[in-house]
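Engineer: What follows is the residue order along each chain.
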Amino acid sequence: MTDIRTPDDLPDVTAAELALGVLEGEERAVALRRVLAEPGFAQSVETWREYFGQLFAVWPEAAAPDGVFERIERSIDALHGVVPPSRGIWPAVAGLMSVAAVGLLVFVVARPPQAPLPVPAPSVVATQPLLVASIAPTAKGAAIAAVYDPARGVLRLTTAEAPAARRSAELWVIGADKTPHSLGLLTPGGATRVTPAPAIRRQLAAGATLAVTIEPEGGSPTGAPTGPIVLKGDLTAV
Amino acid sequence: MTDTPAAPIIGRDAVARAELVEILVRTGDEDRAAFRDLYIRTNAKLFGICLRICGEREAAADVLHDVYLTVWKRAGAYEPSRASPITWLATIARNRAIDWRRANGTRRSAPIEEAPELVDAAPLASDALIADEEAHSLHRCLEELDGNQRESIRTAFFQGVTYAELAERLSVPLGTMKSWVRRGLARLRECLEA
Chain A
10 MTDIRTPDDL PDVTAAELAL GVLEGEERAV ALRRVLAEPG FAQSVETWRE
60 YFGQLFAVWP EAAAPDGVFE RIERSIDALH GVVPPSRGIW PAVAGLMSVA
110 AVGLLVFVVA RPPQAPLPVP APSVVATQPL LVASIAPTAK GAAIAAVYDP
160 ARGVLRLTTA EAPAARRSAE LWVIGADKTP HSLGLLTPGG ATRVTPAPAI
210 RRQLAAGATL AVTIEPEGGS PTGAPTGPIV LKGDLTAV
Chain B
7 MTDTPAAPII GRDAVARAEL VEILVRTGDE DRAAFRDLYI RTNAKLFGIC
57 LRICGEREAA ADVLHDVYLT VWKRAGAYEP SRASPITWLA TIARNRAIDW
107 RRANGTRRSA PIEEAPELVD AAPLASDALI ADEEAHSLHR CLEELDGNQR
157 ESIRTAFFQG VTYAELAERL SVPLGTMKSW VRRGLARLRE CLEA
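Top to bottom, those sequences are chains A and B.
Under the working numbering, think of the first position of the first sequence as 10, with each following residue one higher.
Under the working numbering, think of the first position of the second sequence as 7, with each following residue one higher.
Do not take every clue at face value.
Reference listing, derived: stretches of chain A covered by chain B, where coverage requires no fewer than 3 residues with Cβ under 8 Å from a Cβ of chain B [said to hold, decoys possible]:
1. 29-40
2. 67-79
Taking beta-carbon pairs under 8 Å as the criterion, some of the chain B residues facing chain A (in silico) [unchecked claim]:
3. Arg-23
4. Val-27
5. Arg-32
6. Ala-39
7. Arg-47
8. Ile-55
9. Leu-57
10. Tyr-74
11. Ala-83
12. Ser-90
13. Ile-98
14. Asn-101
15. Gly-166
16. Tyr-169
17. Cys-197
Keep in mind the hints are simulated off the structure, nothing from the lab.
Backbone N, C-alpha and C define an ideal beta-carbon position, used for all residues, glycine too.
With the sequences and hints as input, model every part of the structure.
Structural biologist: Written out as structure tokens, the structure is:
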């Protein structure tokens with residue numbers, strides 16, 4: 010089986026290719042959009058992930074370096090508002106801000122799925138236009154509004170209908186690279202405020218689509234959307 | 007597939023798996039002691055995954071940190087009926103490591119080691135973390151593929167590489183690589199669903 014044929018002759022195994030991770034660029038983006046649009050396809054990707062998961066049994070082990078667990082514990086403390094002793098790159102920052110603000114900063118750096126607390130914003134002059142979107146339901150329900158301030162890197166959304174029990178509503182941006190990037194979970198029963206990482210912020214531009222999917226509680230375990238899309242809308246500059 | 011292929015779910019392995027499910031579920035309830043136990047039991051497997059895909063220890067340790075932080079935040083969403091605990095954990099580790107490698111634009115043509123030698127290796131029936139009746143079906147089906155198809159799919163999985171990188175590593179044209187993998191996956195599907 011070493012003959013070369015055009016890809017069109019080959020069987021459609023896109024779900025397996027996505028689960029295996031061999032796709033990139035436009036092919037991957039198309040496959041990720043199918044996960045959003047086709048429940049059967051999404052289920053097929055899940056099934057393949059479980060199949061390939063069997064290979065983890067033979068993956069060679071390697072003991073983690075010392076100190077990693079302590080770092081993880083400090084990050085968890087920061088998530089839960091326990092203020093860590095200032096160290097490393099933080100003392101200079103700590104000199105300028107209250108201890109509580111440092112705690113918040115670490116909290117934000119760790120990028121929890123939901124960041125409902127206000128962020129100490131860098132003092133940047135707001136010269137870029139705001140981007141707004143009306144994120145409308147694909148089936149039924151109420152639309153929500155999104156406002157993104159590029160100068161501050163803050164995205165705010167109005168309160169969405171709460172998902173079913175043990176489910177979370179996850180927000181995605183599909184921008185210039187045509188690939189869904191998670192922006193975190195919508196705050197159940199309240200407004201949502203997100204400060205995306207710089208790499209994701211680049212996708213938040215006029216014309217980009219914001220979408221909300223229903224995921225397992227805590228968000229998509231794979232980093233890509235797995236559930237149905239319930240709300241969708243495009244960003245416009247104002 | 008040495009001593010006990012398709013062993014029934016009994017004994018030591020099943021106990022270890024059940025314990026792992028329990029500490030993962032307790033981690034989901036924000037139980038720090040359970041989380042520490044989880045780390046002790048699984049860090050070598052997850053670091054092994056990060057190390058092979060990232061290719062450098064320092065980056066792999068950073069990714070491992072992010073992996074366990076993700077586990078801490080998402081363990082509440084873990085559903086024992088849908089995935090084995092180690093598959094759930096290992097999938098997070100593999101995806102995070104691949105994200106790191108792609109974000110850092112590294113396309114190492116010389117990985118730290120070659121893919122694990124699986125061709126003749128027994129699929130570790132003794133592996134305490136994965137032991138159920140279906141654990142060997144993928145291994146069995148992979149064995150039925152042509153050599154090129156099998157090697158391509160294994161390399162893709164264990165090194166977390168795309169078609170383009172696979173073609174480069176195995177020194178074949180991209181079209182040939184896609185053909186190998188797609189035909190291999192189609193045959194795997196038939197075998198697995200049989």
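Engineer: Work down the list of hints and note, for each, if the structure agrees.
Structural biologist: Results for each hint:
| no. | hint | in the structure |
| --- | --- | --- |
| 1 | 29-40 | holds (count 5) |
| 2 | 67-79 | holds (count 10) |
| 3 | Arg-23 | violated (11 Å) |
| 4 | Val-27 | violated (15 Å) |
| 5 | Arg-32 | violated (15 Å) |
| 6 | Ala-39 | violated (12 Å) |
| 7 | Arg-47 | violated (11 Å) |
| 8 | Ile-55 | holds (6 Å) |
| 9 | Leu-57 | holds (5 Å) |
| 10 | Tyr-74 | holds (5 Å) |
| 11 | Ala-83 | holds (3 Å) |
| 12 | Ser-90 | holds (7 Å) |
| 13 | Ile-98 | holds (7 Å) |
| 14 | Asn-101 | holds (5 Å) |
| 15 | Gly-166 | holds (6 Å) |
| 16 | Tyr-169 | holds (5 Å) |
| 17 | Cys-197 | violated (10 Å) |
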